[in-house]
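Participant: Protein sequence lines, in the order shown, are assigned to chains A and B.
Under this note's numbering, the first residue of the first sequence is numbered -5, with each subsequent residue one higher.
Under this note's numbering, the first residue of the second sequence is numbered -5, with each subsequent residue one higher.
Note that these hints are calculated values from the structure, not bench results.
A portion of the hints provided could be inaccurate.
Unchecked claim - DSS-like, lysine-lysine: derived pairs with alpha carbons at most 25 Å apart:
id, chain 1, residue 1, chain 2, residue 2
1, B, K219, A, K234
2, B, K66, B, K315
3, B, K392, B, K219
4, A, K267, B, K223
5, B, K70, B, K90
6, A, K350, B, K392
7, A, K315, A, K358
8, A, K61, A, K90
9, B, K131, B, K202
10, A, K223, B, K392
11, A, K104, A, K202
12, A, K223, B, K234
13, B, K90, B, K76
14, B, K223, A, K234
15, A, K392, B, K357
16, B, K348, A, K371
17, B, K392, B, K223
18, B, K234, B, K315
19, B, K219, A, K219
20, B, K299, B, K371
21, B, K392, A, K234
22, B, K392, A, K351
This structure is a prediction, so every number in the text was calculated from the model and none was measured.
There are 2 protein chains.
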Amino acid sequence: MEPVSAAVSAVLPAGGSGERLGGATPKQFCGLQGRPLVSYAVRAMERVSWISDIIVVVSPENIETMKSIIEKYGHKRVTVVKGGITRHRSIFNGLKVFAENQSSNRLLQKPEVVIIHDAVRPFVEEDILLKVVTAAKDHGAAGAIRPLVSTVIASGEDGCLDHSLERARYRASEMPQAFLFDIIYQAYQQCTDHDLDYGTECLHLALKYCKTNAKLVEGTADLWKVTYKRDLYAAESIIKDNLSQQICIITDLKEAVAQVGFLLHESLKSQVKVEAISISLSKNDSHLQNIFSGECYNFLCINDKEYATEEIQQLVDMLEKSNIPLLYPVVLILVHLSISENISFSIGLEELTKIKKFAREVKKKNILVYGLLIQCKDHFSLQETVNSAAALTMALIKDRNPELIGQLLVA
Amino acid sequence: MEPVSAAVSAVLPAGGSGERLGGATPKQFCGLQGRPLVSYAVRAMERVSWISDIIVVVSPENIETMKSIIEKYGHKRVTVVKGGITRHRSIFNGLKVFAENQSSNRLLQKPEVVIIHDAVRPFVEEDILLKVVTAAKDHGAAGAIRPLVSTVIASGEDGCLDHSLERARYRASEMPQAFLFDIIYQAYQQCTDHDLDYGTECLHLALKYCKTNAKLVEGTADLWKVTYKRDLYAAESIIKDNLSQQICIITDLKEAVAQVGFLLHESLKSQVKVEAISISLSKNDSHLQNIFSGECYNFLCINDKEYATEEIQQLVDMLEKSNIPLLYPVVLILVHLSISENISFSIGLEELTKIKKFAREVKKKNILVYGLLIQCKDHFSLQETVNSAAALTMALIKDRNPELIGQLLVA
Ligand SMILES: [Mg+2]
Ligand SMILES: [Mg+2]
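Turn these sequences into a full structure, and let the hints guide you.
Facilitator: Here it is, written out as structure tokens:
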């Protein structure tokens, strides 16, 4: 597919009250891995380089909340706009920012194509955005669709079945949608109060007022709208899944440590992408810097010293500077290696208290620290212990449980 | 609502191939907390006393799998029937069992009302079953409906929008549905091969062939159909949520232990329903037996002895006998209390290895054992440590992570 040649901006209605969730917090502000859902949708737009401006439309009482979210997570190219009392009125308000020179100091350029996307659909990919924008340039309007999951039926006055629709002939209209700006803006200017108050479908307005039959683009299942509490659960699990795809194993240059690093790598690589680095942490290693500028959210640092405080503090500082923990919690597993004939090895509570305190401090930087002890009598029993360590590592990075930070697990 | 006065049985089509999940395992056989989804739907029917027979219809290659599931989880009143190549053909096969004296040795009584429910909708409650059955007795047919989440649209030949449906006028047709047996059976007998091969909606057949306009009953959000991978994630989270609503704290009669039990109770009770029992475990306590016959899946056992092996083994035996772990994993947290001035208290690895080995054994009985150490210098710092223990307890029972069994967490 050709790169985008039009000026493109996006409007994200985020004004819903989230009644269906049954909770007090509107769903777009519910936290997933500690960060509000709306921030995920904003991020999904922001990382697409050819989207110029992102207008987030929120209800008046949430404007300050939204601004503080943008500040906290460092979102760029975002303008917060006051919403109306319905979805259509909110989208219209969002579009007006481009058409009118409003009170805002900054004048936003009117785009050729405008994307409309929901704040509660966090997983939209560049690919589908490109598809709807390209189709909108050609057809004036375009929207993502999905097959219907349930049969749709019409009920009569008496609450009984009137007729059922043939499922194959219909589709669910999802988001994102895209429009030539002039078409959708004209449609909103011409539509009635009844449309603005009771309508829900932008494609319908483009058809009704501009005779534009939107191109329908098959979307992926992950475009679904977070509506119920179960959808928040699902979104949280998907995010955790995405975050646990890659792990970086850091060892120093000592032979025993490097060997355990190698065995762990072998044991983990069938389940997760593994990067392994052997370095002296005290040097500012460029390979490590590369990892930190990538998409890795899990680090396993192997040591044979008892809690190598200085090196670990350095790693934490580098992670913090990298901005990786800004959007997602980072898991840092401190592996303590102890190969000794002395089976009566024991762990002092003072030591444990120290790790817990350290973990609590570091959690403020959105880094989750766990301890993992690999202890065995000899090199013969090492493989089994390493396999157990790999299983515990996967459990920790998949769960990302903030309550378990600072605990020392034993492989 | 009146109790059910009709003879009622149920048919569960479970023949789907689960293509939409993108996995090899059909979704009805995917494990949730270790147990296949279909077993949850069967259990939901089985626990309703007024449902006589439960027919599960599976594709020929899964008949043995289904029979072993029924055996393993001790399901009663279930008959496994071979499905057809489509949903309608499978349901028809299920209905035939009541109408024809088939090869099966056992002759099932023809019910007045038959419930049809999907194997992939695990959370159906007695209340909605009662509503559709009652409505079916009055109207001949009835089905659960839900509001539409997305606008439904019709696409033209060119892949462009033809028209969109006014969302408020339509509903999603969900399950359960119920029918007077003679009506739905007659509909299936009369319908065409095209209906059997391409149709999906039972309510439609009742309308088309028996002129029966089904009564539509508003269902709850949890009736949704597990369709995509995200739905499995959601279902798993809902089950974990349901399992972590109640905890039983077991202490012996010693003062220090009972005091910590009391403090933990106080700290937990705002988050979870707590039952507290002070007993001598060696006696076969009837109160404990009562708990075991209830719906509690989490136990916290406080001791001041180092791993009171005998008492714990006794508790495990009682749990096993109670059948509680048959359907859901049970969490058993062994709290070791140590109040001592000696801050250099330490944990021996030999001891840790012992708990891990024990936990691995007990996991085979579907009991997840975790260790939790409450250690503090004096009674002044006890409250803070207890709060930390409560937070860890909640994390353990909410997560039910089988990889972390046998670990000793420190409060
Ligand atoms: Mg969808
Ligand atoms: Mg639904």
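Participant: Does each hint fit the structure? Answer for all of them.
Facilitator: Status of each hint after checking the structure:
no.: 1; hint: B:K219 to A:K234; result: 23 Å, holds
no.: 2; hint: B:K66 to B:K315; result: 15 Å, holds
no.: 3; hint: B:K392 to B:K219; result: 24 Å, holds
no.: 4; hint: A:K267 to B:K223; result: 21 Å, holds
no.: 5; hint: B:K70 to B:K90; result: 20 Å, holds
no.: 6; hint: A:K350 to B:K392; result: 21 Å, holds
no.: 7; hint: A:K315 to A:K358; result: 14 Å, holds
no.: 8; hint: A:K61 to A:K90; result: 19 Å, holds
no.: 9; hint: B:K131 to B:K202; result: 19 Å, holds
no.: 10; hint: A:K223 to B:K392; result: 16 Å, holds
no.: 11; hint: A:K104 to A:K202; result: 23 Å, holds
no.: 12; hint: A:K223 to B:K234; result: 14 Å, holds
no.: 13; hint: B:K90 to B:K76; result: 11 Å, holds
no.: 14; hint: B:K223 to A:K234; result: 14 Å, holds
no.: 15; hint: A:K392 to B:K357; result: 21 Å, holds
no.: 16; hint: B:K348 to A:K371; result: 16 Å, holds
no.: 17; hint: B:K392 to B:K223; result: 21 Å, holds
no.: 18; hint: B:K234 to B:K315; result: 23 Å, holds
no.: 19; hint: B:K219 to A:K219; result: 16 Å, holds
no.: 20; hint: B:K299 to B:K371; result: 17 Å, holds
no.: 21; hint: B:K392 to A:K234; result: 16 Å, holds
no.: 22; hint: B:K392 to A:K351; result: 24 Å, holds
Of the numbered hints stated above, none is contradicted by the structure.
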